[in-house]
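For reference, the chains in residue letters:
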Amino acid sequence: MIRRITALSVALVLWQIAASIADSVIFPAPWDCLLSAQDAIADGTLQKNTMASLARVGVGYTVAACLGVLLGAMSGILGVFGLGFRDVLELLRPIPPIAWVPIAILWFGLGDKSAWFVVFLGAFFPIFVQVAHAFANCPDEHLEVARAYEASSWDTFVWVRIPAAAPDIAQGLRVGLGLAWTSVIAAELVGVKNGLGDRIQQLRYVSDYEGMLVCMITIGLLGWLMTTLANVVQKKVVPWQKSSV
Amino acid sequence: MAEIIRLDDVHFSYAEKPVLQGISFSVTAGEAVVVLGPSGLGKSTILRLMAGLLEPTKGAIEAMESAESGVNARLVFQQPRLFPWMSVRKNLYFALRAANVPQQEWDKRVEPLMEQVGLVAELDSPTSSLSIGMAQRVALVRSLVCQPSVLLLDEPFSALDPKRRKQLQQDLLKLVEFTGVSVVMVTHDIEEALDIGDNILVLDGQPAGVVCSLRTADQEKKKAREQIENHLLL
Chain L
1 MIRRITALSV ALVLWQIAAS IADSVIFPAP WDCLLSAQDA IADGTLQKNT
51 MASLARVGVG YTVAACLGVL LGAMSGILGV FGLGFRDVLE LLRPIPPIAW
101 VPIAILWFGL GDKSAWFVVF LGAFFPIFVQ VAHAFANCPD EHLEVARAYE
151 ASSWDTFVWV RIPAAAPDIA QGLRVGLGLA WTSVIAAELV GVKNGLGDRI
201 QQLRYVSDYE GMLVCMITIG LLGWLMTTLA NVVQKKVVPW QKSSV
Chain C
246 MAEIIRLDDV HFSYAEKPVL QGISFSVTAG EAVVVLGPSG LGKSTILRLM
296 AGLLEPTKGA IEAMESAESG VNARLVFQQP RLFPWMSVRK NLYFALRAAN
346 VPQQEWDKRV EPLMEQVGLV AELDSPTSSL SIGMAQRVAL VRSLVCQPSV
396 LLLDEPFSAL DPKRRKQLQQ DLLKLVEFTG VSVVMVTHDI EEALDIGDNI
446 LVLDGQPAGV VCSLRTADQE KKKAREQIEN HLLL
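Protein chains in written order, with the working numbering: chain L, 1 to 245; chain C, 246 to 479.
One chain only, chain L, in its complex shape (with noise of 0.2 Å):
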């Protein structure tokens, strides 16, 4: 904790000597970034903004997580044809969310439809996959043991597939979220009226740097908040990942 408030210290203390130097509107100092925080909290555009964010990840994210694990799960179990599948969606994977928010918009039009479906196309790939390997690589000492106990095929995969797979699960689905995040931002930069993405845009028309910068910190904290929180609630429900006997 004091290592992170002592970077943290010296990072702001290190801007604010770059913005005195460079004394230029378009790179404004900490300071300036507060004061207009405190604005933009007083007239409620921050939290607006944050929350219309936050509904969109919600939506999306809770889809990709849904499908991710589901098909994910399915691919993982059925072997070859599961593979197959998997080799086609391998070629979707890399494109980046970004670059689907034209035909987003084509496809859903202006709005949140096209926000939801960039933000699910950034969580899927990565949970999908992880969750696919999961299931696909259980550890053969632990199948081999429900073998050896002769475990019904429901039994091995309610007691020993599925928690097996659990860390990895988990771990998809943090990934999932903090690439949901940044997707989202992609998404509102063009497709929507409202959101942290699209305020960052209107207030670059308006030339409000530190606005701008203001959102972009907002972004920020709350990404690394929802990785922790992610962090703690796998370190809750996944506490076997690090032991085995």
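Because the hints were derived from the structure by calculation, they are not lab data. Warning: the hint list may mix true and false statements.
To be verified - A few chain C residues that don't get close to chain L, going by computed Cβ distances all over 12 Å:
1) R251
2) G267
3) K303
4) D369
5) S403
6) L420
To be verified - SDA-like cross-link-like pairs, simulated, lysine to any residue; straight-line CA separation at most 25 Å:
7) L:K48 x L:L34
8) C:K335 x L:P239
9) L:K235 x C:P371
10) C:K335 x L:D155
Everything numeric in this text was worked out from a predicted model, so none of it was measured. Heads up, the beta-carbon is just placed ideally off N, CA and C, and yes, glycines get one too.
Here the structure of chain L is known, so what remains is to put chain C in place on it, guided by the hints.
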């Protein structure tokens, strides 16, 4: 004594490569059979065949169904292989659930056996809190809660230091006496074989076969050791 399980001229090949040939022996009720031989010969394969994890290439393994439990053989691996996501109790319940034992029976079977190995207090502990010796005791109990006719032990003490090894051997003998289960154990340790086995089968050759079979009750320990060493040196 009634035969529990019989291997009749069992052969086994891994990817066309013969590993075992002409393995024949039987296990009677309450008997401890030890398969002794150098590492890498296929001793563990015999246990996997007996546990039904592998199919013989030739020959047959005939198991006489246990009237009481319906479960014939249960395997204890070299490593405890407890599921790390379950508590000790739930690991034991997994074996009982798989064997279709009615739920009201579970604690009645688990607690006396855990008492025998002095681990009742650990029943609700996570497996990560157990030492390797404790975990191997739990693995022994996990096999025995199913009340099998034969307990198959795949060098279960190999991961332990000599002191804990001796201690776990004592616990095993106590459990065997308590349950009356027959044992088939594989090991490369002659002393261990002499300590535990009523019937010792010495495995050697490539593909491996039984080169010597001796009943320790009939012979002095020293004489038996010499006989085994002679066979393994030939």
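Going through the hints against the structure:
1. R251: 20 Å, holds
2. G267: With a cut-off of 12 Å, G267 of chain C remains clear of chain L, as the shortest Cβ separation is near 25 Å.
3. K303: 22 Å, holds
4. D369: 15 Å, holds
5. S403: 15 Å, holds
6. L420: 18 Å, holds
7. L:K48 x L:L34: 18 Å, holds
8. C:K335 x L:P239: Between K335 of chain C and P239 of chain L the Cα gap is close to 16 Å, so the pair holds against 25 Å.
9. L:K235 x C:P371: 15 Å, holds
10. C:K335 x L:D155: 13 Å, holds
Hint check: no violations occur; every hint is consistent with the structure.
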